[in-house]
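Enquirer: Below are the chains, spelled out letter by letter.
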Amino acid sequence: MIGIINYGMGNIKSVGNALNFIGSEYFIIEDEAGFKKADKLILPGVGAFGKAMENLSSRNLVNPLTEAVLTDKKPLLGLCLGMQLLFEDSCEHGFHKGLGFIKGHVLALADEVKNLPVPHMGWNNLRIARENEIFNQEEDNDFYFVHSFYCKCDKAENVLATVDYGVSADVMVKEGNIFGCQFHPEKSQQNGLELMRNFCSL
Amino acid sequence: MLYIKNGLIVRSEDFSYHQLIGNIVNEAHRYNEWNVDELIYIDISRDEVYDANRDDHKISSFNSHESMLEAIAATCFMPLCFGGGIRTIEQIDYLIKNGADKITLNTGAYENPALIREAAEKYGSQAVVLSIDYKVIDGVPKVFTNFGTTNTEVSLFDWMKEAEGHGAGEFFINAIDRDGKASGYDIANIGKAVESTQIPVVACGGAGDMYDFLDLASETKVSGIAAGNWFHFVERSYPRAKQLLKKNGINVR
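Top line first, the protein sequences correspond to chains V and X. Under my numbering, the first residue of the first sequence is numbered 1, with each subsequent residue one higher. Under my numbering, the first residue of the second sequence is numbered 203, with each subsequent residue one higher.
If you are wondering where the hints come from, they were derived from the structure by calculation, not from laboratory data. All values reported here derive from a predicted model rather than from experimental measurement. For each residue, glycine too, the CB sits at the ideal point set by N, CA and C. Be careful, since some hints might not be right.
Claimed, not checked - As a list, the in silico DMTMM-like pairs of lysine to aspartate or glutamate whose alpha-carbon atoms are at most 25 Å apart:
| id | chain 1 | residue 1 | chain 2 | residue 2 |
| --- | --- | --- | --- | --- |
| 1 | V | K103 | V | E175 |
| 2 | V | K114 | X | E268 |
| 3 | X | K448 | V | D164 |
| 4 | X | K423 | V | E112 |
| 5 | X | K344 | X | E397 |
| 6 | V | K73 | V | D154 |
| 7 | V | K13 | X | E229 |
| 8 | X | K299 | X | E268 |
| 9 | V | K13 | X | D245 |
Unchecked claim - With beta-carbon atoms standing in for the labels, derived distance ranges:
| id | chain 1 | residue 1 | chain 2 | residue 2 | range |
| --- | --- | --- | --- | --- | --- |
| 10 | V | K114 | X | S398 | 33 to 41 Å |
| 11 | X | R232 | V | D89 | 42 to 50 Å |
| 12 | V | N125 | X | N450 | 40 to 48 Å |
| 13 | V | L202 | X | S269 | 44 to 52 Å |
| 14 | X | R232 | V | N125 | 20 to 28 Å |
| 15 | V | Q137 | X | E235 | 15 to 23 Å |
| 16 | V | Q137 | X | R232 | 22 to 30 Å |
| 17 | X | R442 | V | K114 | 30 to 38 Å |
Could you put the whole structure together from the sequences, leaning on the hints where they help?
Expert: Quick look at the structure:
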């Protein structure tokens, strides 16, 4: 069963609705026990990086999450802010340490992008960089984005897809059993549902 | 673009005549299958009562905002924008919590511009859409509030400028004169509106056939084009309109 991690900042309801629609059973993880029960994990997220890490720590979720993912090797999918949290650190409103599951950093779009509005909001096409288990479609592969910060992997092998928005941002990543996407599959119609279906059937 | 009145979807003309179209969730489901970019729901009920007495027509309606939004969010996997009658930050909290990705303010923002800032600071400007209804009077587009009944005497462009300063993240402008008339979009004023601001403008009012979309998209830098009635009544209207725009080199999804 899929466990959606609740740390007080995700759009849990939208993610749950999408899982219901594709027929995947899920429950909400509130504490350590939830990580034992789940065989796959989703880390959603809408909001600011610093506050998210603070919430994960204050709810004692960091250690059980790390154990489930790094020791028990349970598949994890981070969505939007949930993807950014997988990285080493972020420069959003100061400097904040992340979970560090994937080597790389979270940077500000505004530092790179000129003449385009920030946040990057709306539908955009992916550039698939590497064949993978969750989404490979090369054509008509648009997803819905809302973000002001973006991820940059240290190692090219972690990058599954990028998007061009004044800068090439890593928007779909993988490190072993850990996946992340910057866009919102739960708001991306058929493409998004397909990605979630693929993750759920890993 | 879907108008909700007393819990059911209606077609609108002149902001005053409303023809019943059907059940909210069935309509949403249909648009979902067409892979539409975004759904905008505006509740134009004049009172807070949701009439559920339409079982004779096999059209069920919803008795509260909550049940309505929940039902929509369970079938729609696209950005959802919800508005109509919003006056307080608590109403906004409630809509976002129940599945809305964005909210639209109209009269509430005009009467209390601080509400725009409050919402933008809490949820980000991208979540705050300012909806403006206007009517062209002596050649000048004037802002109307309260379901298009109150003439504020303020020009569309002045109000847009002010609202942008308060933190609105997107404009949704609707030409009252053209509502339900299928007479084409108000290209001149939409073009001026787009040039007057940095933030995205979505325009509505007047779509009669798919060439109206093409005219507006090729003559202005509008970010989005919305339509309601036409999508309800024409077979495969949505995919056909997109095909036409794509063929003519307009950047659509």
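Enquirer: Under the constraints set out in the numbered hints, which ones does this structure not fulfil?
Expert: 2, 10, 12 and 13
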